[in-house]
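Residue numbers (our numbering), protein chains in the order written: chain A, 5 to 240; chain B, 19 to 554; chain C, 16 to 384; chain D, 258 to 673.
The hints are simulated quantities; they were obtained by calculation from the structure and are not laboratory data.
Misleading hints may appear alongside valid ones.
Pairs of lysine-lysine, DSS-like flavour, derived with a Cα cap of 27 Å [unchecked claim]:
(1) A/61 with A/184
(2) D/403 with C/216
(3) D/569 with B/91
(4) B/130 with D/661
For each label pair, taking beta carbons as the anchor points, the in silico distance ranges come out as [stated by the list, open to error]:
(5) B/517 with D/453: 29 to 35 Å
(6) B/413 with D/453: 47 to 53 Å
(7) B/345 with D/581: 36 to 42 Å
(8) C/212 with D/581: 45 to 51 Å
(9) A/111 with B/351: 33 to 39 Å
(10) B/165 with D/669: 44 to 50 Å
(11) C/232 with A/126: 34 to 40 Å
(12) B/345 with A/228: 50 to 56 Å
Taking beta-carbon pairs under 10 Å as the criterion, some of the chain D residues facing chain B (in silico) [to be verified]:
(13) 430
(14) 469
(15) 471
(16) 473
(17) 487
(18) 491
(19) 524
(20) 539
(21) 555
All C-beta atoms in this analysis are idealised placements derived from N, C-alpha and C, irrespective of residue type, glycine included.
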Amino acid sequence: MTVAVLIEGLTVEFGRFRALNDLSLAIDYGEVRGVVGPNGAGKTTLLDVISGVSRAKAGRVLFDETMELTRASEAEIARSGVRRKFQKPSVFEALTVRDNVAIGLGAKPAPDGPEKVARMLETVGLAGDADRLAGELAHGQKQWLEIAMVVVAEPKVLMLDEPVAGLTDEETERTAALVKALRSPGRAIIVVEHDMDFVERISDRVTVLHEGRTLFEGSMARARADAAVVDVYLGR
Amino acid sequence: MRMGRRLGLLLLALAAAWHSPALAHDRAQIATQACSGAAGLSEAAATLTAGASSATPEDAAWAATLTGALLDKTIRCGARASTIESPSGFIDAATLAKAAPADGSAPVLSLKNRPLVETARAAATLFAGATAGERAAALRALERRAASLPPELFETAAAREPDAGLKEQILGVGQSALLNSSDVAKRIAAIERIAAQPSRRAETQIAALKSDPAYAKEPVFAAAVDAGLASIDRWLRVSSVANTLYNGLSFASILFMAAVGLAIIFGLMGVINLAQGEFIMLGAYVAYAVQETLRAVAPGLLDWYLILAIPVVFLAIAAVGVALEATLVRRLYTRPLMTLLATWAVSLLIVNLVRVGVGTQNLQFVTPSWLAGGKLLVGDFIVTWNRLFAIVFAGVTLVATWAVLKRTPLGLNIRAVTQNRAMAGCIGVPTRRVDMMAFGLGSGLAGLAGLALCPIYNVNPQMGSNFVIDSFMVVVLGGVGTLAGTVVAALGVGQINVLIEPLYGAVAAKVIVLLMIVGFLQWRPEGLYAVKGRRK
Amino acid sequence: MSAAIAPKRSLLARAADDRMVVAVALALVATAAVVAGGGLSGYRVNTIGQLACFALLALALDLIWGYAGILSLGHGLFFAIGGYVVGMHLLERSVAETGVTPDIVQFMGWKALPGWWGPLESFPVALLAAMGVSFAVAFVFGWASFRSRVSGVYFAIITQALVYVAMLLMFRNDTGFGGNNGMTGFQVVFGVPIQDPAVTKGLALASVLVLLAALVACRLLMIGRFGRLLVATRDDEVRLRSLGYETLRLKLKVWCLSAVLAALAGLLYVPQVGIINPRVLSPELSIEIAVWCAIGGRGRLAGAIIGAVLVNAVKFALSASLPELWPFVLAALVVVVALIFPNGLLDLGKWKPTLLSRSRALEARDATP
Amino acid sequence: MSIFTRRTFLQTSGALAAGAALPLGAPAFIRSANAADTVKLGCLFSSSGTMANLEGRLNYVAKMAAAEINAAGGVNGKTVEVVASDPASDWPLYAQVGRQMLTETKVAALFGCWTSVSRKTVLPVVEQNDGLLFYPLHFEGDENSKNVVYVNSPPASSVLPAVDYLMSPDGVEAKRFFMIGSDYVWPRTINKQLKGYWKSKGIDESAWKEEYVPFSFSNFQTLVNQVRAFADAPGGKCVVVLTVVGSSIPDFLREFANQGITATDVPILGLDMVEADLEGLDTKKLVGHLNCWAYLQQAKGEANVKFLSGWKDFVAKEKVPFSPDVAIDPMVSTYDAVHLWAMAAKKAGSFDVPEVRKAFAGLSFDCPSGYKIGMTAENNYVSRGVFIGSVNEAQGFDVLWQSKDTPKPVPMSPFG
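With these hints in hand, go ahead and build the complete structure from the sequences.
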């Protein structure tokens, strides 16, 4: 098993605020990693740095043990196979659902693109809405559409930022099934989520972040028992 | 021979001091001369100036009245006699007795005659002025032309002057009038005195002495000239730096006033109010309305209308801003670019409403006595009161705005929403209400900018259009959401502009500064101060 | 005609928009026919020609604002580049063919037109120069801005400052393009004396046809993949970048295309009005271009054309007949469009509750991140 | 045509056609009821935008002159009707409206423009359509179109006499000159001609300084500092030749007075300065500064009394939104222009431009300035008198000097 994403000594600052503080982390291929932590712990910032949206002050992020992501552009990172779903559903509202997914194929789509798009739409259950404008979709549908957009290019690293926020129980259920189906030996999946039950169901290991550092790493069950984690969450 | 004449005059002056009979003016002839065209007038004025020191007190008073009437155009040059319109009615120009008004008009003073008549009046007033203040003013008028006046004028005047302080001053001025005297010691004293009030004019005056034969012959004289020039030069350099700083500060204060309202609104809501310039214009119009109201209701307070108008202007324009926010800006909240166009339309509307309603002419502002003119501080460095007013006003506004933002609940809310709108909303900050209040605050500040500008610029419907680009550039350069950034950017832009202007001209200065800002923003889009935040 | 916009090519077949484009295209063909047929007075032909130039300018802005969500308040700059280049060309031709010394030589204190204008005597060179210079200026400024991710309101105001700077520069006599007076006194256009009615007709016809061609070409481009990616950039640029697209390149391409189109508009406009001076660089004109687009409706090309024609036609008419009214009408139009018809006055006819939701969905178009 | 519906087509092309038809149909809007008995004159003066305060009043003067002509029986049996417009200080719009007036409204002559640039914009239009434009402003000269009547003076016959006066012993024996202008053609051309003139008199280049500011520039602090420094330097009396325009004039004057410089220290010759520029200023500190025009309100004579009272009555009767007590040179020039046109048309017995133009030669008119102004066969320039005015306490100008007769206008400056 190889390391998909290796993070070493990562520090990110916004002005005087230190969002990530000398963080180190390794995520393997084939694994689903849950990242949890209270608000402001640095979860989204972590994804921002990996996907190239934010710049690190110090430290490095290695993808596939070779590619240094902290110096690459967002587009380069995406093209190398690292894809991310944003926290706020980010779809192209003035385009059709089908167009959205087709754009997800990337700048140089393969010849079998249309078939891939059709299959993907089936998978997320949006085939019937393919020619509607994305802006007309319901919130949950937008979440899935965005997942479809990032998954259709078969990324090696898939990052999901709060995939079930605002979804109904039933929708959450379907999302969990979807994530489980996406798990593959050649792919690392990182899930940032507040819903602990959801994280427990889909992830192999969890990383608990607190004030920009790793507070705990291991299984969800052990995390729930960890004194420090409980302390942070319940604010004792 | 020259010496002898001077001695004679001195004796005369001494005699005058003991109220001995003096030479009388030929009043009738002088009055007729003054009304006989430009050449006659200059002769009459010269006669009056030359004879000022030897005139009787009655003649001096008459000379002051006549020259004053010429300057104020209260004289009527008739075919046979001329009359002066005095507060107590028409009087004869020669006898000052009551007379029927002559049917002529006042002669228009040519540029050549005006200083001659002014000098004649000042010379007469130095003797006939009723109060020490009047005489001191006359002395100041004479001082600039001291070298061209007969020295005995000052000597006599000093001898007659009852006020000890003024007497000293007259003697001093008299001293500087001796620059071309034959007594080297007096000339050196004159040089020292002139050099003590350094200005470019003084420099020219003394530098001219380098070609004087005495400069080559008398080493003491040459040393005095050189020392005087060196001293003036030093002060001129100081004053030139002071001028540049003052001009830069003055421009910066205008930029700051124009930008501060925009900074708050843009920082908070991310929208640009293109009608901001028109709010500045409206502020000036409201100040005008206050002035006119005071003129009608309480003329005694008219001198203070600028101060009294502050709350009125702020509240009025804040109300306009709140109305604009509630009717237009709020509805376009998610579309900042549309807000841009909509507020542009509003600016068009305001300009044309004012144009149709009030007219296109410049408004007639009374310049309060405390804002007119300025004070020469050192060398060529003049502090003009209207600019100083704008600087102080900007300073006070800065402190007040800072206090509002840091010390009031509204300020706290504004800062909270500026930093994180969603979070502020979550913890119960009424964001929409804060938007409205902040828009009002920003608009009110723009109105105050208009008030601060009305002693400096013309007030007409077009006046606002010049401000939007400049003030927005200041806001963006400083960094959105930081008051300190706006201040620093305004200071920097103002100073750089003033530094470039004498080198490449005003157009190039403006172009260079704007291009510098555009370039800077390409390199650092977040501006000087703003914190780099998460992009999404 | 409909074959050109075959529905199967377009995943985003906004049928209504397509119909509108076709309608406008047909109207342009009809206009061209009427102009070519003669029978209209010189004044009317000239007015049509000018309106076509404004429409082309609006079309250029719609490409970047309507599709890519980038509002330029400085498009007068590119319009002026085209105008000045063609002005230099016309002056060179006039001197070459008539020998009349133009005013500019006199008031600039020159002996003759500057030597470096010489090559512009050839029209192909002038055309290339207009397109080349506008492209180069757009490329340098666009590259710098998009690279540092200047967008939204910032971009709008910075472009406004840029056009203002250009205006100040061109007002200076020393800049060398005639200062405030600019260039006038063109004697011949393509070898024909400018007084000849054929010149008026030819220029108007050329303007209408160029507009027609630009409309069709841009529409084809916009319903293709490039257009969809632009829309995606507008809706969510970060999202698009994180899907592996270099949005800098996309934006730069459409920005340069738009600049070149604007320069073409200026190139056609100047011979018709007989003057080019820094007034076209005034910030107000550049804002007005955006207003035309907003009034006609953004992001569908036909709207920009209709907006430009409508606003300018009303302006021409009111300036002569009811001069006091024009600014109020314009201001009212903008406010009404901003508040009630976010997609332009063309929604007037189909403003139905069913469409409201879609309009609302699209309202967030220009929201900047 | 499958996706094509009749309704959208009608809607869209209807909108487009309606738009295009507006300016085409508009002339009907302004066409008066009874076209046969009237002859129309077009005005191109802005009532909105930056030039509104200055240009706006000229519309009314033209109407007033037309009313006088009509009261005297009209021209060639027709009533004169003045058609006003608003080019909104927007230069291309002057050309557009001018073209419309010439070709659609069929005006017999145009009266208009203030700035040089607006005249240059309209120039190709009147030349193309062989129209007549009466231009009421003094300007930089160096232009001589057969389609423009230059009612006011070119610099050689107005500015140079004024400068001569300042340099003479009667004036201030000016030796040194600080030229400040708005950065455009009129100031630059004037200054270029002045420099040529001074050179021809053997004055050294070090005796002058030249600065330009952008339009509507207002921050004159640094420039006035420079003026003070220049004026105090040795070499003789310094005067400021001010060719800034519009709102820059009062801004400059205010700063000048505030820095304590009076007219006796450094006089300003403001070449574009009119009474309207003194509105809102405390003129006590500005008394003595000069301007130079072909008419001043204080001009003596019957014609002026008649003109001033006529304007006062007209303002009251027509509710004109301008002061009844202020008359400036371009107003009188516009007034002259309408009368000159009427005289020429009468003399020609026709409204055709070539005929009217032929009739210009030998015209003369009793101008309110007190001079008999006239035209010759040589060119379309009008010879006018020259006044030098001096700012007085009452925000007006006193006549300080005036030319003996009307100098012959010289369109092309010998000092360029």
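Non-conforming hints, listed in increasing numerical order: 1
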